[in-house]
Structure formats: structure tokens, C-alpha cells
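The listed protein sequences derive, respectively, from chains C and B.
Anchor point for the first sequence: position 384 equals 384 in my numbering, and the numbering is continuous, going up by one each time.
Numbers given in my numbering equal positions in the second sequence, counted from 1, plus 1000.
I should point out that these hints are in silico values taken from the structure, not numbers from a laboratory.
Values in this document were obtained by computation on a predicted structure and should not be read as measured data.
Hints should not be assumed to be uniformly reliable.
To be verified - Selected chain C positions facing chain B (Cβ under 7 Å, derived; list incomplete):
#, residue
1, Lys18
2, Pro21
3, Ala25
4, Arg29
5, Met33
6, Thr167
7, Ser172
8, Asp243
9, Ile303
10, Val308
11, Gly313
12, Ser315
13, Val391
For each residue, glycine too, the CB sits at the ideal point set by N, CA and C.
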Amino acid sequence: MKYLKYHPLIWIGTLAMKYLPLIWAGLTRKKLMTTFTLLSIVVAFLLFGLLQGVNSAFSRGVEGAHLDRLVVQGKVSMTDQLPEAYRQQIANVAGVTGLTFASWFGGYYQDTKNSIFSFAVDASTYFALFPEIHLPRNELDALVKTRTGAVIGRALADKYGWKIGDTIPIKSTIWTKTDGTADWSFQVVGVFTTPGDPGAEQRLFLNNDYFDEARSLNKGMVGWYSVRIDDPSHSTAISAAIDRLFANSDHETKTVTEKEFQQAFLKQIGDINFIVSSIVGAVFFALLFLTGNTMMQSVRERIPEFAVLKTLGYSDRAVLTLVVAEGLALSLTAAVLGLVGAAAAFPMLQDFVGVPSLPPAVVGQGLFYAVLLALVTALAPGLRVARLNIVDALAGR
Amino acid sequence: MSSAVSLVDVVKRYRRGKESVEVLHHLNLDIGEGEFVAIMGPSGSGKSTLLNLIGGLDRADSGAVTVAGHRIDQLSGGELTRWRAGNVGFIFQFYNLMPALSAAANVELPLLLLPLSRAQRRARVNAALEIVGLSDRARHKPSELSGGQQQRVAIARALVSDPPILVGDEPTGDLDRTTANEVLDLLRTLSQQFGKTVVMVTHDQKAADVATRQLHVDKGQLADSGRLS
């Protein structure tokens, strides 16, 4: 127990408490300036939390991509449809151990802003290839048996209050039916979960048989094939083998890994990572100058005070540490406030990003940037006071 | 009386542009423990430089500087900083208190460098404020205190770590006569009752008259020294 006080964290905590009044006095010397700087940093970290949180939520699907799955899509564009007749030929390729297909349905509920991530799938094979989708056996059987059936994610069910047995009207932005309307309706026969990836619970899967029969165009075509392979190290060879099968046909294919496919899918919305990185980068760059200027000005005005501290016996390192500690206190306080704000706002974005809370990795990343910001902006003024000549500083030279 | 301050053949030069100007010329000085010494002289005579050498704020170019038993001219930068923390208390003309800190927090500053508990620091701060007669102003900020009170807080800060030497650069220069006398009485008490060696630079003859010895510096040399009763 007596050695507890030598624990590094306790030592740092004790030291921080000891010098806290001095650090606080430095920060509150010009209250208005500190407040405005603090607010600027808070806003920057609020923006960072929201944007990076959204980016992280979008990237989650890509990061969770399985290495043993390939996607066979149209060569020219991923929106090109492929014949359902390719199915058997792909299944015969050496190394292929499982196969299913899907098509993007692109529906919305009541209003276009209520987008439903919906896919027409081959119910009897799709869920076997995607074991991360947890759908009770009896509900899968119900989907196979019910032509107008659909299974929905838990998050989607909670969002609209849908339950098994409900008939839900979905309007498609792409597919019209043979009757000329785009009004589709499905009977909910199951609710699935995707543990560890709540964003994936925003999806709806419907029966391809019903979809293909009812749609007015592209009958007998599918959006893409998903292929399970025997060994991820064979992915290049298997991809090439599949694409060779359909070379020079009317519907040439491009086989990619699941990760590449999901990245391309997200890029249809926009290169979110690039957009977020650009905005966050610009904000932090501006913040660097703002905070750096504040720190420099604050230290310049207190040169005589630092000279007095050095006169009293504070070492060069001690005054440098004080300045850096001030920067850390300002930056971390603002970052915590900004990230708390982002975390509070995140549930409101759930409809958009599908994740109910700010990912912890984003919080960690934010705090890391806060420390980095403090170090970069406080180092120059800190070194200035560390190198201060006491006699000159006291004389005002 | 043993020596608290001893300067032997001290030379100090400053660079002004390309020129090197010798401010102190082979100066010798001896101050006994518990003495209250006033250093006087015209502007530019080198009295503040002398005070800075005694206080370990500046270094001599040659000669030996021994203060409180330490050859401080031989100490490294870090050693000199640590030596100052334990051996010298500084009193400035314009008090130089931290405006955002209370009187007690200002007095506590030198103690933060020592391995003391919060309770020990508080006890020492209270004692120092008691000595300067400002116990009831502990929570006040410098802006809420008069000039004389601020200087007394500065004196409490100078003596809180119980250094054997107190150095003051015009400690009464910013005060009216009555308040200056109060501060000088306090310094004399610290010298006489607490055995502190007080070295003070002043332009004020009345302030110098309170000291037990007056030193006159002129053109970088000691002109004369008179020991008063």
C-alpha cells in the first residue's frame, strides 16, 4: 500500500493537483480570450466527432468484410445486371464452395427520405453464405415459403415498429412492376440481427423469385453473385477463372473481393472518407493557427511572470511543462466537451448512419488529436520561456 | 560573524552589440550572516548586476562568488536553479505577484518545488503570512491589495521556504514613505529576529539608513562601506 504513491498515474495525478492552481491561473488570466479559443476547439471536436463517427460507421461494413467471399459483378459498372444463367458455371469453378446472388431493390417507406436498404435475394442460399446474419431457422423457412415475404433487421423493425405478420408497403425508386406501378408490399416473416454491426440491421431482404416475376424489366437477371471460396489466398486465381468464363460475352464480369465491392458500393454515395478527412483536416489546420496564436500571445504577455517563477527556482523544464500542461488542459477540456456533444447528438443521426452511439475508437482518436494539438501549439511558446534569460526578462528587455 | 556572501575579484562584462562592457571590475565583498546591507549608487553603476550575482540570477565572468556556503559560480544551470530555490528569497520593486492567484497561492509558489504535503505547505504559508501581518488577506488577489500589502505578500513568498538570504531590488521604490517604512521595519525584523541576511539595492537614502551597513557602488567598484549601528 505504501508503494501506491509511487505508481506513475498517482504520481502524475498528485503533480497535476499540485500545479493545477498555477495552470488554471494561466488559463483564466484572459478569460474572454480563453473562452473563445475553448469554444473554437469545442466546435472543431464536435464536428470531428460527428463526421468521423459517420465515416467510422460507414467503414465498419468494409472492415467487417470476409476474406473468403468474392463478388461477381458487371465489368463495366456494378449496376450492370448479370444473367441468372451464370450461376451454374460459376459454381463449377474450382475453389468455389458456395454461391448466391442478390439485386439492389432501392426502396423507401412512405417518403423518399425514409430509405430502406433493401435487397432481393435467393432466400434458400443467401443466409448460408452470410452466417453473420442471425435469422432463426423457422423464420428463414417462412421466407423461403412465402413469395411476398421479407425479413428485416432488428434496428429497422424497431425504427418503424414493424413486427412479424405486418404487411409493409415499399416503393421502389428503380423497379416498376408489370402493372406499371412502383408500389410493392411485403409480409414481414422474420427479424434478423447482426451482432457487432448494428448498422447492418437497417436492411430488408425480399424473395428474388417474387421480385423477378413481378418486375417489368430485366427478368432473369441478377445484380451480383456472392461466392464463397475454399481459401482466401486463392482469391486472385478464382476471380480470374470466373472472369475468363464470361470474357467476350454480352455480360462480361469483374470479380472482386467483398471488401473492394463494399468500398465501391459506398463510393456510389461519395468518397465519404475523403470528404470527412478533407473537412476535418482543414478544420484542424485552422485550429492549429488559432490555438498556436493564443498560446503564443498568452505566454508573451506573461514573460515577467515566468521570469519570476524561474527566479524562485522553477527549472527550464518545469516552466516548459507548465506551458504544455496549460495547452493540454485547454485542448483536452475542449475535446472532451466537443466529443460529449457529438456523442449526445449521435442518436439523432442513427437513421442516417445506422449506429446509435459514437464509436469508442473515434473518441480515442479525438483525444489523441487533442494531445497532439496541445503539444504542437504549446511547444514553441514553452521552449521560449524555457530559454528565457531571467535578468533580461525581469528588466523587460 | 561568519560570511553569508563573499565575492572575490569578481568581474562581470556585458555584450552591447559588438562591444563588451565591463560592469564590475575585480570587485571584492564580504557580507556577514544576519547583516542588513543596503547597496546604493547611481544608475548604471553596477549595483543591480551585483545583486543578480549574489542572488544567482546571473554569472560572473571571473572571480569567486560564495553565497550561503556554496561556490555558486561553479554550479551548472540546473544546480544554480535548485540552489536559488533553497537559499535565496527575492523581493522586487513592482512585487511581481501572479495576478490570477490569491495571496496565499502566490506565497505557496516556492513550496510547490519542495517535497511537502498540502497540509505542510498550508502551515508554512500561514506562518509566512502571519509574519508579514497579512493572515486576514490570504484569499485576496493582488488587485484587491494595496501596494504595501502586495509587497508584504512578496516578502512572505521570499521567506516561506526559509532561505538564509533575502535580496531586494528597490523593494520600497514603488511605495509611499509610510508604507516604505513599514516594509523596511519588516525587513529589519527578519534580519534581527530571524537571522536572515538581507541585501537590498536602493536609491533611497532613508531606506538605506535602516540597514546595518551601506555599500556604495560606483563605476563597477565598491566606493566605500560603512557599518552602522
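Quick one, is the Pro21/C hint okay against chain B at 7 Å, beta carbons? Check passed: Cβ of Pro21/C comes within 5 Å of chain B, closer than 7 Å.
Given Ser315/C as an interface hint, is the shortest Cβ-Cβ distance to chain B below 7 Å? Holds, because the Cβ-Cβ distance from Ser315/C to chain B comes to roughly 5 Å (cut-off 7 Å).
Let me know if the C-beta of Gly313/C comes in closer than 7 Å to any C-beta of chain B, holds or violated. This interface hint holds because 2 Å falls under the 7 Å limit.
Could you check if Arg29/C really has its C-beta closer than 7 Å to a C-beta on chain B? holds (5 Å)
Next item in the hint list is Met33/C. Is there a CB on chain B closer than 7 Å to its CB? violated (13 Å)
Please check whether Val391/C passes as an interface residue: C-beta within 7 Å of a C-beta belonging to chain B. The hint holds - Val391/C has a Cβ within 7 Å of chain B, the shortest such distance being about 5 Å.
Satisfaction of the Asp243/C interface hint, Cβ to chain B closer than 7 Å: With a closest approach of 70 Å, the Asp243/C hint is violated.
Next item in the hint list is Ser172/C. Is there a CB on chain B closer than 7 Å to its CB? violated (65 Å)
Under 7 Å is the threshold here; is the Cβ of Thr167/C close enough to any Cβ of chain B for the hint to stand? With a closest approach of 69 Å, the Thr167/C hint is violated.
Hint Ile303/C vs chain B: min CB-CB distance below 7 Å? Violated, because the Cβ-Cβ distance from Ile303/C to chain B comes to roughly 12 Å (cut-off 7 Å).
Against chain B, run the beta carbon of Ala25/C and see if the smallest gap drops under 7 Å. holds (4 Å)
Does Lys18/C pass the interface hint, meaning its C-beta sits closer than 7 Å to a C-beta of chain B? holds (6 Å)
The structure fails to meet hints 5, 6, 7, 8, 9 from the earlier list, while all remaining hints are met.
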